[in-house]
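Colleague: Protein chains in written order, with our numbering: chain R, 46 to 548; chain F, 9 to 341; chain X, 283 to 622; chain W, 2 to 347.
Don't read these hints as lab results, they were simulated from the structure. For clarity, every value in this text was computed on a predicted model and none was experimentally measured. Be careful, since some hints might not be right.
[Said to hold, decoys possible] Taking lysine-lysine and the DSSO-like style, the derived pairs with C-alpha atoms no more than 27 Å apart in a straight line are: (1) R:Lys409 to W:Lys337; (2) R:Lys166 to X:Lys502; (3) W:Lys337 to X:Lys412; (4) W:Lys278 to X:Lys412.
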Amino acid sequence: MAEANARPRLEVHDVTKSFGAVAAVQGVSFPLYPGEAHALVGENGAGKSTIVKMLAGVHRPDTGTLRVDGADVDFAGPADAKAAGIAVIYQEPTLFPDLSVAENIAIGNQPLTRLRQIDRKEMTANAERLFRRLGVPLDPSRPARGLSIADQQLVEIAKALSAEARVLIMDEPTAALSAVEVERLFAVVRSLRDEGAAIMFISHRFEEITALCERVTIMRDGKHVATELVADLSVDDMIRRMVGRDLSALFPKQDVEPGEVVLEVDGLSREGVFKDISFSVRAGEIVALAGLVGAGRSEVMQAVFGVDPYDSGTVKVHGRRLKGGSPRAAMAAGMALVPEDRRQQGLVMELSIERNVTLPRARKLARLGLLFGGTEREAAETWTRKLQTKLGRLTDAVGTLSGGNQQKVVLAKWLATGPKLLIVDEPTRGIDVGTKAEVHRLMSSLAADGLAVVMVSSELPEVLGMADRILVLREGRIAAQLTRAEATEESVMYAAMGQEVSV
Amino acid sequence: GGTTKDSASNTSGGGQSAAAADPNAAVKEGLKIAFLPKQLNNPYSDVETGGGKVAVEELKGEYKLVGPNDASASSQVSYINTLIQQQQDVIVVAANDPNAVCPSLNQARAAKIKVITFDSDASKDCRDAFINQATTEGIGQSLAKMALEQAGGEGEIAVLSATPNATNQNSWIEVMKEELKKPEYSKLKLVKVAYGNDDDQKSFQEAQGLLQSYPNLKAIVAPTTVGIAAAARYISSSSYKGKVAVTGLGLPNQMREYVKDDTVKKFALWNPADIGYLAAFAGANMASGKITGAQGEKFTAGKLGEYTIGADGEIVLGPPTEFTKENIDQFNF
Amino acid sequence: MTATSLEAPPSKRFSLGGLLKTRELGIVLALTLLVAYTAIDNSRFLSGQSIRDNLLNTAILAVMATGQAIVVITRNIDLSVGSVLGISAFAVATLMSNNQDLPMIVALLAGLAIGAVAGLVNGVLVRYGKVPALVVTLGTLYIYRGITYSWAGGSQVNADELPRHFLTFANDSILGVPWLVLIALVVIAAGSVMMRNYRIGRELYAIGSSPPAAELAGIKVARNLLTAFVLSGALAGLAGVLYAARFGTVDAAAGNGMELNVVAAVVVGGVAVFGGSGSVWGAALGALLLTVIGSALAVLDINQFWQQAIVGALIILAICADRLVAVRIARSLRKRDAHV
Amino acid sequence: MSDIDLDQRPANNRSAVLKSRLTSWDSIILVLTVLVLIIASFTVDNFGTSRNFTFMVLDLLPIILIALPMTMIIVTGEIDLSVASTLGLTSSMMGWLWNQGLSIESIIPLCIVIGAICGVVNGFLITGLGLPSLAVTIGTLALYRGLAFVVLGDGAVADFPWNYTGWVTGTIGDGAVPNVLILIVVLALIFGIVQHATPFGRSLYAIGANAQAAHFSGIRVARTKFWLYVASGAVAGLVGVLWTLRYSSARADNGAGLELAVVAAVLLGGVSIFGGKGSLPGVLGGVVLLTALQNALRLEDVSGQALNIVTGSLLVLSVLLPNVTSAVRGNWHRRKLRQASATSAQ
Ligand SMILES: Nc1ncnc2c1ncn2[C@@H]1O[C@H](COP(=O)(O)OP(=O)(O)OP(=O)(O)O)[C@@H](O)[C@H]1O
Ligand SMILES: Nc1ncnc2c1ncn2[C@@H]1O[C@H](COP(=O)(O)OP(=O)(O)OP(=O)(O)O)[C@@H](O)[C@H]1O
Ligand SMILES: [Mg+2]
Ligand SMILES: [Mg+2]
């Protein structure tokens with residue numbers, strides 16, 4: 046543990062950054078000490094990622110300074126920050142799909158032979174060493190294209206570790222990881238910390254913060270609220286300072302009497318991805334799909350919705366068989382899918398918020414086949430207000446919103462279609478506690494209104510708190526079906542891993 | 009029902025009622041005479057229009073040269089339209105397509121502009137006169153004769169032409185083929201007509217292809233300046249030099265090198281500058297009302313002397329000149 | 283995706299690398315079939331003179347394809363190469379005709395320099411002007427050609443105005459290999475090694491694979507992109523000198539429309555138009571294939587009018603074959619993952 | 002300038018949005034077009050005449066028509082370079098069919114169908130087999146042009162009926178309004194409405210900006226693109242007919258090289274080559290601007306070479322200028338902020 050009077054390795058001093066009229070960060074200061082893990086918390090859009098990008102040399106502060114080892118620095122680009130010993134894991138993965146995993150890890154830093162050529166053997170060996178340390182079974186020679194989000198995140202982590210940085214900054218690295226992987230990551234980070242690196246860690250999961258970090262900086266609306274020792278604060282304190290008010294219960298699940306069967310999946314298989322998946326969902330029910338990352342949960346639900354093909358099996362909605370491979374047919378049958386990757390699958394970043402919200406419904410909103418702005422705006426207005434989305438104007442590009450608010454727009458987009466069956470894939474990934482509670486309340490009340498909900502989630506507390514029934518997937522097959530009463534952390538993890546675990 | 013090829017009436021309209029010629033009228037000064045070659049930046053047509061410029065200066069008129077960068081009929085039409093807007097007195101044009109430029113040329117004639125074609129004729133009913141560099145027969149026969157000489161009286165010969173649809177080249181080749189049927193040519197065998205599209209590189213490769221397909225080739229006849237230069241260049245740098253003769257129509261400046269290194273013994277061409285010169289005079293005379301384009305009318309074309317208009321408004325420049333090692337240095341174009 | 287073939291550890295027998303190599307193998311195969319078929323029809327197609335002619339014809343296209351491949355790998359494109367060839371060919375031909383005693387090396391350097399400047403302009407506009415490469419180079423395609431036309435007017439540099447040593451350069455050979463071919467081989471080899479084994483090459487692949495990630499990784503994107511465009515321009519400039527030496531007659535239209543051939547060669551050679559994958563030597567093979575198709579059709583005495591149609595069909599066929607390979611790779615990746 | 006706009010997030014403040022809308026390239030180009038037309042009518046002799054207007058409309062006819070579907074295709078992030086060759090092929094076919102003795106009334110629809118078939122082939126290769134459109138259409142560019150030569154060879158067919166050729170070059174009631182202008186207006190209206198006020202049009206922008214998200218939203222990406230190529234082919238076929246009639250000459254090499262002019266016009270009109278951005282009015286402005294400028298410069302005896310330079314420069318400037326102004330504005334804004342904070346610190 047660092048002494049309070051040690052010199053900070055990196056210092057953020059009174060920095061301000063605005064984008065147009067949005068003041069993303071206003072006068073924030075905090076220190077990062079060597080040998081200490083420092084958490085940065087705040088609601089969606091509080092400005093956390095903006096601070097990360099300033100430290101990384103991506104953005105230049107409008108005012109204020111950054112100091113490394115007490116000296117002012119002015120990063121002209123990411124290369125400068127890298128040279129100053131700062132390694133960054135960004136909120137969104139930044140891999141090169143065409144390069145091999147080993148090259149992704151080594152890029153800019155490849156081991157060279159005497160002729161200044163790249164030493165491929167050494168490079169692969171490095172990657173293998175890192176993966177062994179992280180306990181990841183990835184082949185360093187495969188291309189990064191086609192990696193699942195979780196695997197991408199793991200490669201990002203390996204990349205940051207390989208830099209042997211003096212400062213390691215991680216912007217929500219665990220958002221896509223399951224408990225086991227998080228634990229492995231933490232073990233590695235702790236050993237780095239003990240070797241004297243300064244760590245900055247961003248997460249919306251407080252149990253992770255208390256498990257890893259010594260000090261925490263809380264932000265609200267771009268402003269600095271407090272920097273304290275984690276030991277001195279309770280989680281409730283943190284949350285209160287973060288959102289500026291008290292929060293109600295996190296998992297407000299209402300009990301609902303399940304209605305008729307809405308979705309019936311029978312013997313669904315896709316070669317190499319999942320096999321023989323059968324389950325059904327009733328109106329008013331929330332069914333969770335749990336499992337380790339890479340178990341194939343997303344793939345199953347994408348096949349059900351028709352964005353992916355499947356080889357055999359049937360999907361029935363309200364007893365009627367659904368044409369495979371056609372999202373349009375699924376939508377017509379009353380299905381909606383909130384996908385796991387909002388940047389790639391959920392939203393069209395360049396388009397405005399209203400266009401995004403009305404995208405799946407454009408044909409319904411048209412009069413005589415023609416669309417005029419008014420109806421679209423109204424529909425978008427209604428749903429973004431219902432979800433309390435923090436936005437400037439509906440005509441702004443959706444890419445200008447913070448991660449959490451983008452997620453709300455995706456939800457708005459699909460709820461606006463008035464679905465009978467809602468499939469949500471990692472609905473609260475990267476969402477702050479306040480919003481998370483809102484999303485949960487929303488799902489719960491939707492279910493109460495008779496909506497059938499399928500929820501894919503890697504967060505055990507969420508699964509246990511929200512679901513009426515839990516399907517656990519392992520390696521593309523259903524490993525267990527648990528009722529709300531049967532489900533405990535142990536039983537779910539046991540089924541997911543196929544062995545006894547000590548959580 | 010409907011309009012078919014057979015039922016269509018093709019009175020393309022336009023034109024102007026031919027006024028009577030007044031042989032005694034003076035040739036006006038200050039006439040605006042515009043030249044529109046097939047394309048700009050073609051060395052051959054530069055020489056032609058250069059001759060036109062000299063003539064316009066002698067006539068004390070206003071000379072103008074416009075043209076597209078690509079030899080397409082459509083871009084030419086845009087230029088004809090511009091010339092109409094500018095109210096030129098005479099348009100001297102080398103048509104990229106005999107029909108495609110017709111509607112525009114007729115619009116020009118309707119706007120009292122005289123239209124003279126040179127180099128490559130437009131349809132008869134949309135121009136007032138055509139300056140023919142030589143009769144088709146004359147050139148075809150001369151090509152056949154040179155081929156016979158160069159091949160040494162017998163063997164395989166091939167033609168390397170311009171584009172497959174080049175009007176001039178095709179009619180010369182026709183005549184040449186007719187000529188080859190005569191008994192004195194019986195030992196000569198035309199094995200192939202290849203097309204270099206008047207593109208230097210393509211012509212070069214076509215020459216190459218010819219020799220690979222016909223190893224016994226005795227002569228390549230290229231009735232186009234681009235083709236003959238490319239063929240000569242290929243032969244002079246390959247192992248076929250001295251074995252395969254090259255002849256045809258070429259520019260002395262381009263061919264000088266190959267004539268001197270004996271790749272080419274003899275080729276022919278009219279003097280292109282004279283074409284432009286004659287065209288300018290014909291146009292000026294017509295715009296002054298001295299002639300109308302009817303057969304039999306006579307006019308004087310400066311240093312070239314007197315010309316008589318032939319059938320269909322054709323004015324023939326004269327016989328082509330043959331170039332050899334001995335005389336080539338007397339020419340500079 | 284060939285990028286990854288190189289990392290495959292040699293220990294794995296049936297490695298991805300082996301499979302990936304088929305991307306270029308496909309072209310080699312097509313080439314072999316074509317040559318074999320043509321040679322059976324007309325054995326002179328394999329004669330020394332014919333092979334020499336084909337290689338000479340390929341050389342210029344291959345030099346340009348090398349530069350183009352590098353640019354396309356960075357997820358950009360350079361459509362101005364035909365015009366750069368034109369301006370360089372005309373400039374160098376004029377230079378040589380005015381200074382008969384200048385050695386060949388000066389001509390080569392002049393061509394490289396002119397091309398590099400043209401490429402630099404492209405690169406600066408793309409990088410600092412933030413204008414998409416297709417727009418920039420479509421614009422400079424017109425501009426560079428316009429400059430050449432305005433400068434040259436109707437004039438033409440003829441073979442007899444050029445110094446002897448300049449003209450013979452195209453045909454002279456050392457050890458039986460013509461200079462032109464030798465230069466092309468050196469350019470291809472240097473390009474391949476640079477793209478495979480040096481940091482700059484890998485960074486160019488990275489930039490093409492994901493431009494924003496490249497920025498974040500601290501890669502000097504600006505410098506690298508400028509390098510790519512300067513290389514493409516310089517090689518087009520070099521091609522201009524080779525063109526002038528080979529064809530002897532140069533006017534303002536030299537290389538007109540060549541950009542489509544070059545892009546076709548690169549695409550046929552397996553370089554993905556979305557950047558990040560493909561190889562320089564693949565592009566060179568593409569250039570060879572296109573040239574051989576052209577001359578084979580001439581030798582096979584295929585109707586002039588059919589030739590262009592056949593070239594088009596073959597280009598499409600090549601892309602289809604390439605796609606087939608890519609799909610196979612993707613499938614094998616998925617299978618492998620299933621076992622993890 | 003050190004800021005790297007990784008998310009490509011546009012500025013979202015109110016006045017900036019307004020400013021960026023007013024200074025967006027499509028509106029600039031429309032203003033610029035009107036300016037050029039006005040200035041040229043006053044300063045260039047013979048520019049403002051009704052005959053010149055007819056000539057101009059005829060000159061921009063092929064580019065503007067082909068640009069209509071091309072705009073949509075580029076908005077979806079694809080490209081079609083085979084349009085000019087499709088035009089050539091239909092022109093050839095038109096000549097050939099005419100020689101076979103078919104009536105012109107049946108040849109015209111047949112030619113449009115032939116164009117559409119060319120589009121079907123492109124569409125199948127691109128959406129069915131998933132090949133990159135740039136590569137495919139370079140291939141079909143060669144293929145269709147080659148087929149055009151196969152059909153008609155070196156010949157040209159010229160004897161099309163006068164009442165048809167005359168219609169294309171003629172004006173309404175022999176006034177100032179060319180007949181083909183009606184065609185342009187009708188088609189532009191149809192394409193404009195489809196692109197900007199229908200669900201189909203909306204989906205094009207979504208596809209261009211993020212095809213995967215569009216797929217997840219129930220948009221049939223492949224099918225949409227497929228029909229765009231068919232439309233592109235059909236319009237190219239129609240233009241092939243019009244071209245043939247205008248020049249009363251069916252030839253295999255008709256319209257060669259037109260594809261680059263069309264793409265240039267579309268890009269000049271503010272459509273992003275990466276897809277997802279652009280408007281049809283901007284493109285129409287781009288085509289008119291280019292044609293008017295060329296026409297005026299030609300009347301002023303500016304050479305064709307200089308026209309090349311003007312076209313190229315306009316193209317580059319059209320994208321460069323908006324970028325430069327926004328960068329300058331951003332720098333200025335930052336400097337002001339720094340100054341403000343410096344003075345407040347004192
Ligand atoms: N490039 C940009 N352009 C415009 N606005 C931006 C940009 N980057 C961030 N913002 C705005 O700045 C604010 C802070 O965003 P930031 O991404 O830092 O939030 P965050 O704390 O990381 O949120 P989350 O937890 O959701 O990731 C938000 O209002 C966001 O909309
Ligand atoms: N594009 C792809 N190509 C090949 N294999 C893939 C692809 N995407 C996913 N996979 C494989 O499919 C399986 C399941 O993928 P995925 O990680 O999405 O499952 P998940 O249970 O939904 O996990 P997550 O928590 O990331 O959502 C994994 O074996 C993964 O490697
Ligand atoms: Mg964030
Ligand atoms: Mg998933």
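Colleague: Compare the structure with each hint and give your call.
Modeller: Tested hints:
no.	hint	in the structure
1	R:Lys409 to W:Lys337	violated, 47 Å
2	R:Lys166 to X:Lys502	holds, 25 Å
3	W:Lys337 to X:Lys412	holds, 24 Å
4	W:Lys278 to X:Lys412	holds, 15 Å
Hint violations for this structure: number 1 only, all remaining hints satisfied.
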